[in-house]
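With the sequences and hints as input, model every part of the structure.
Everything in the sequence shown is counted per the UniProt record's numbering, starting at 1 for the first residue and increasing by one.
DEER-style ranges, computed between Cβ atoms:
no.	residue 1	residue 2	range
1	A40	L67	12 to 22 Å
2	D19	L52	38 to 48 Å
3	D81	L6	10 to 20 Å
4	L16	V60	45 to 55 Å
Derived from the structure by calculation, the hints contain no laboratory data. Because the structure is a prediction, the values reported are computed rather than measured. Cβ atoms here follow ideal geometry from the backbone N, Cα and C, with glycine treated the same way.
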Amino acid sequence: MIARVLEESQALFQVLSEDRKTRYLVPTWQDTVVLESISAALHPLQDFTDALSGESYVNVSYLKPVLHLLKSETLAEKEDDYIL
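Next comes the structure, spelled out in structure tokens:
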């Protein structure tokens, strides 16, 4: 849902800024930065969930390597991470 909001941000801006009652809902640049950070953080988890949600091909032997990859690379601290 966050990715979709980011994709359609220009359309949201146009629609919300036309009406005085909804103008306060227009996302600021700070909101956009936060949404982009959240999207970047959640994207690997989406891939992980998609990989494990298949009914016909997922088995337990797939779980441990994926969890190791998730812990060692995806969730590892990077230089360009925001510190809040």
